[in-house]
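Okay, here's what each chain looks like letter by letter:
2 protein chains.
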Amino acid sequence: MKIGILGLGLIGGSLGFDLRSQGHEVLGVSRRESTCQKAIALGSVDRAEVDLSLFATADIVFICTPIALIVPQIQQLIEHLSAATIITDVGSVKAPIVNAIAPLWENFVGGHPMAGTADSGIEAAQRHLFVDRPYVLTPINTTPPQATAVVEEIVRSLGSKIYHCQPEQHDRAVSWISHLPVMVSASLIAACMGETDPAVLQLAQNLASSGFRDTSRVGGGNPELGVMMAQFNQQALLSSLQQYRYQLDQVIDLIEQENWTALEAKLQSTQKARPEFVE
Amino acid sequence: MKIGILGLGLIGGSLGFDLRSQGHEVLGVSRRESTCQKAIALGSVDRAEVDLSLFATADIVFICTPIALIVPQIQQLIEHLSAATIITDVGSVKAPIVNAIAPLWENFVGGHPMAGTADSGIEAAQRHLFVDRPYVLTPINTTPPQATAVVEEIVRSLGSKIYHCQPEQHDRAVSWISHLPVMVSASLIAACMGETDPAVLQLAQNLASSGFRDTSRVGGGNPELGVMMAQFNQQALLSSLQQYRYQLDQVIDLIEQENWTALEAKLQSTQKARPEFVE
Numbered sequence: 001m002k003i004g005i006l007g008l009g010l011i012g013g014s015l016g017f018d019l020r021s022q023g024h025e026v027l028g029v030s031r032r033e034s035t036c037q038k039a040i041a042l043g044s045v046d047r048a049e050v051d052l053s054l055f056a057t058a059d060i061v062f063i064c065t066p067i068a069l070i071v072p073q074i075q076q077l078i079e080h081l082s083a084a085t086i087i088t089d090v091g092s093v094k095a096p097i098v099n100a101i102a103p104l105w106e107n108f109v110g111g112h113p114m115a116g117t118a119d120s121g122i123e124a125a126q127r128h129l130f131v132d133r134p135y136v137l138t139p140i141n142t143t144p145p146q147a148t149a150v151v152e153e154i155v156r157s158l159g160s161k162i163y164h165c166q167p168e169q170h171d172r173a174v175s176w177i178s179h180l181p182v183m184v185s186a187s188l189i190a191a192c193m194g195e196t197d198p199a200v201l202q203l204a205q206n207l208a209s210s211g212f213r214d215t216s217r218v219g220g221g222n223p224e225l226g227v228m229m230a231q232f233n234q235q236a237l238l239s240s241l242q243q244y245r246y247q248l249d250q251v252i253d254l255i256e257q258e259n260w261t262a263l264e265a266k267l268q269s270t271q272k273a274r275p276e277f278v279e
Numbered sequence: 001m002k003i004g005i006l007g008l009g010l011i012g013g014s015l016g017f018d019l020r021s022q023g024h025e026v027l028g029v030s031r032r033e034s035t036c037q038k039a040i041a042l043g044s045v046d047r048a049e050v051d052l053s054l055f056a057t058a059d060i061v062f063i064c065t066p067i068a069l070i071v072p073q074i075q076q077l078i079e080h081l082s083a084a085t086i087i088t089d090v091g092s093v094k095a096p097i098v099n100a101i102a103p104l105w106e107n108f109v110g111g112h113p114m115a116g117t118a119d120s121g122i123e124a125a126q127r128h129l130f131v132d133r134p135y136v137l138t139p140i141n142t143t144p145p146q147a148t149a150v151v152e153e154i155v156r157s158l159g160s161k162i163y164h165c166q167p168e169q170h171d172r173a174v175s176w177i178s179h180l181p182v183m184v185s186a187s188l189i190a191a192c193m194g195e196t197d198p199a200v201l202q203l204a205q206n207l208a209s210s211g212f213r214d215t216s217r218v219g220g221g222n223p224e225l226g227v228m229m230a231q232f233n234q235q236a237l238l239s240s241l242q243q244y245r246y247q248l249d250q251v252i253d254l255i256e257q258e259n260w261t262a263l264e265a266k267l268q269s270t271q272k273a274r275p276e277f278v279e
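Protein sequence lines correspond, in order, to chains A and B.
Each residue of the first sequence is one higher than the one before, counting from 1 in full-length UniProt numbering.
Each residue of the second sequence is one higher than the one before, counting from 1 in full-length UniProt numbering.
Watch out, some of these pointers could steer you wrong.
Chain copies aren't distinguished; within one or between two, either way the pair holds.
[Said to hold, decoys possible] The list that follows gives simulated cross-link-like pairs (lysine to aspartate or glutamate, DMTMM-like), each with its CA atoms no further than 25 angstroms apart:
hint: 1; residue 1: 272; residue 2: 197
hint: 2; residue 1: 38; residue 2: 152
hint: 3; residue 1: 161; residue 2: 197
hint: 4; residue 1: 272; residue 2: 214
hint: 5; residue 1: 272; residue 2: 224
hint: 6; residue 1: 161; residue 2: 132
hint: 7; residue 1: 2; residue 2: 253
It should be emphasised that the hints constitute simulated quantities derived from the structure, not laboratory data.
Please read all numbers here as calculations on a predicted model, not as lab measurements.
Produce the entire structure from the sequences given, and follow the hints as far as they go.
See below:
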């Protein structure tokens, strides 16, 4: 197949490596000529240009730009495509994107590969990034099954674990396990920063160890990414935050009331539930 | 010196290894005869018995029992000691212990080695456990400087990083970096467990990755330890929880108000502050 990749960063560049190695012809478009040249030199794409018209004959185009650019870029892109071309995206929030694109382009399948590294950019792109990682597809009622099948076949060839769900279900799931933890963790750091006795603050900094390190990690991450999560998944995240606040208030109440039996029961339930999510 | 260790678990057993290797005579007391035998067989102590009278001629006794037993055990222990014997403990909360023991025993120095593993018991004891780990000492006005000096010399020989502070300062510092994270993290798991759509819950469990893994780790830990933290450090933990709740409410407000500029500023401040605690 002739596969287009719009946005040659970590995800787009890594897709290019794997798809080329399977014999597909991979075309890349980046806003920067220098990125196009790097992607070609690294072997991530066969050809790359700054102009969307490169995709005119593509069978499928992966949109791998930052999330805020996905809808505007697709709006420009579709002027260059034939109606048979399938578009899919890799945005980490799905409902706003699917809701915006579905009326504009029938052959659109929302997607979210849950693979990433701490690094970004074409230099960080790597082969086999998606192996054994979840890749969520969010076709809706109006999505042609054939389009979904084509995207799924490509995704399967990457070695990913494929999940299908409604866009809104995806957004609620990632609000729980990805976006809520960022806000929970950032609030922890912010609270500790608020210690007013400099000696206690210094001591806390000296004593902080693996427990604090792990719990604070995602709250000390990329601020722009955190804002994007909140911006694009606002409703699901607010709903998760309200549930979280309710749980936190329960914990505070139990400690205030010295109800150690109920607190132990709660900590037993969280100890038991965690392995259903990880490990 | 003749050094007593009351409680032959991970901490007590590990202390024994290091102190014996420095030529001290190490005496152990455990409630269980089988633990005494294991400690001798492993080489953690020179002698071990179930009776506190073993410590009658000790120069110093380390209290390494679970935190709830520290005060009651010291109350029994002091009947067997000469007034010159120094007592120190390894409890993870200091003010309630120091406040209870100081009126009973002049030569008492509160301590807290911040070393641990996921395992417990004499079988988990290991050499060099305290090397490069923080070890907090909390002498108060009435503590004889000579007693503090003796404890400090021993702790230094373990290779620990020594910090001195008031018991209350210790308890506030550990509430920030150790006890608060447990409650924050447990509340995250509890909130996710509350998802009412089984499909979304299942998807969240499938998609959970390193971010959720790290943020939820300490909230999925030993429930009894979590309750002990809350029980013995209740006031400091509640104060930290209230500060945390205030920060969380601020984050919720910013997202509700779509104040992305302020949210980004907050996430920038937490990103900047985290390295002052870890790494």
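(request) Taking the numbered hints from earlier one at a time, note which ones the structure violates and give those numbers from smallest to largest. (result) Hint check: 2 and 7 fail, others pass.
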